[in-house]
Amino acid sequence: MTKKERYDFLIGYFLEHRPKAETELVYTDPYELAVATILSAQCTDKRVNLITPAFFRKFPDADSLSHAPQEDVFELIKSCSYPNNKAKNLIGMAKSLIKDFSGVLPSDVEELMTIPGVGRKTANVLASVIYKKPAMAVDTHVFRVSARIGLTTGAKTPYQAEIQLVKHIPEQLIPLAHHWLILHGRYVCIARKPKCPECGLTSVCKYYQLLRKE
DNA sequence: ATCCCGAGGG
DNA sequence: CCCTCTGGAT
Numbered sequence: 502m503t504k505k506e507r508y509d510f511l512i513g514y515f516l517e518h519r520p521k522a523e524t525e526l527v528y529t530d531p532y533e534l535a536v537a538t539i540l541s542a543q544c545t546d547k548r549v550n551l552i553t554p555a556f557f558r559k560f561p562d563a564d565s566l567s568h569a570p571q572e573d574v575f576e577l578i579k580s581c582s583y584p585n586n587k588a589k590n591l592i593g594m595a596k597s598l599i600k601d602f603s604g605v606l607p608s609d610v611e612e613l614m615t616i617p618g619v620g621r622k623t624a625n626v627l628a629s630v631i632y633k634k635p636a637m638a639v640d641t642h643v644f645r646v647s648a649r650i651g652l653t654t655g656a657k658t659p660y661q662a663e664i665q666l667v668k669h670i671p672e673q674l675i676p677l678a679h680h681w682l683i684l685h686g687r688y689v690c691i692a693r694k695p696k697c698p699e700c701g702l703t704s705v706c707k708y709y710q711l712l713r714k715e
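With my numbering, the residue at position 71 of the first sequence is 572, and numbering never jumps.
Treat the hints as calculated values from the structure; they're not laboratory data. Misleading hints may appear alongside valid ones.
[Stated by the list, open to error] Here are the simulated DSS-like pairs of lysine-lysine, each with C-alpha atoms no more than 27 Å apart in a straight line:
no., residue 1, residue 2
1, K694, K657
2, K505, K696
3, K714, K694
4, K521, K547
5, K633, K600
6, K579, K547
[What the hints assert, rightly or not] Listed next, with one range per pair, are the computed distances between beta-carbon atoms:
no., residue 1, residue 2, range
7, D601, F575, 20 to 28 Å
8, I664, V689, 23 to 31 Å
9, S603, P698, 48 to 56 Å
10, K714, T529, 25 to 33 Å
11, R548, A648, 24 to 32 Å
12, T545, R519, 14 to 22 Å
Quick caveat: nothing in here was measured; it's all calculated off a predicted structure. Don't be surprised by glycine CBs; every beta carbon is placed ideally from N, CA and C.
Let the hints inform the model, and build the full structure from the sequences given.
Have a look at this one:
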């Protein structure tokens, strides 16, 4: 089984089974997606979606958020992880959006990464989801699933995995492929107890082949 | 005890 | 490279 065969199988499988994979974060504009994505670090999307309605009611745009007291932001997001860091970063993000980018979220990954709270993963998510750029965001799910199936080999960091994935997936499919791997990781290829019996990728999965040998 | 769409700083 | 931040769910 060559690497190309794995990728071809994966792409064929998901084009058939998840042709419309997309983010589960609830948002209505780039500002809201930026907020939701920053909040999603080490936190489930479900929990983020639970608190964002109240958040967006109180801070409907970057301007209102940029003037918010950190304590008010903290109170709204405290059930997500790292509320202190995130409150500071969210306000910083809003200020940067207004001051550095005239209120318009940039589409370039390197520019996005200059925004407080926006690292490589979040920058790739925003570039991919909002601007449909071929940016592969590698989060915990993408990293784990890619390694298990064998789409990546020996990747020690999310960035190394990103390089390998981008190299083998057609540009126009990258935004879709990102969500394929996320959703597969969330609902099937779960970290602690993967549901191999209901996974359609076992025939090409390195992890599954290893399990069967034991 | 381990994981959830990580980022920033040392 | 490491560490810290740090709440909720399983």
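Hint-by-hint comparison with the structure:
1. K694 with K657: holds, 22 Å
2. K505 with K696: Holds, because 25 Å separates the two Cα atoms, which is no more than 27 Å.
3. K714 with K694: The given pair, whose Cα atoms are some 18 Å apart, holds under the 27 Å limit.
4. K521 with K547: Cα-Cα ~19 Å, so holds.
5. K633 with K600: With Cα atoms ~25 Å apart, K633 and K600 stay inside 27 Å; holds.
6. K579 with K547: holds, 15 Å
7. D601 with F575: 20 to 28 Å: holds, 24 Å
8. I664 with V689: 23 to 31 Å: holds, 25 Å
9. S603 with P698: 48 to 56 Å: holds, 52 Å
10. K714 with T529: 25 to 33 Å: violated, 49 Å
11. R548 with A648: 24 to 32 Å: Given a distance of about 26 Å, which is inside 24 to 32 Å, the answer is holds.
12. T545 with R519: 14 to 22 Å: holds, 19 Å
In summary, the structure is inconsistent with hint 10 from the numbered list given earlier, while agreeing with all the others.
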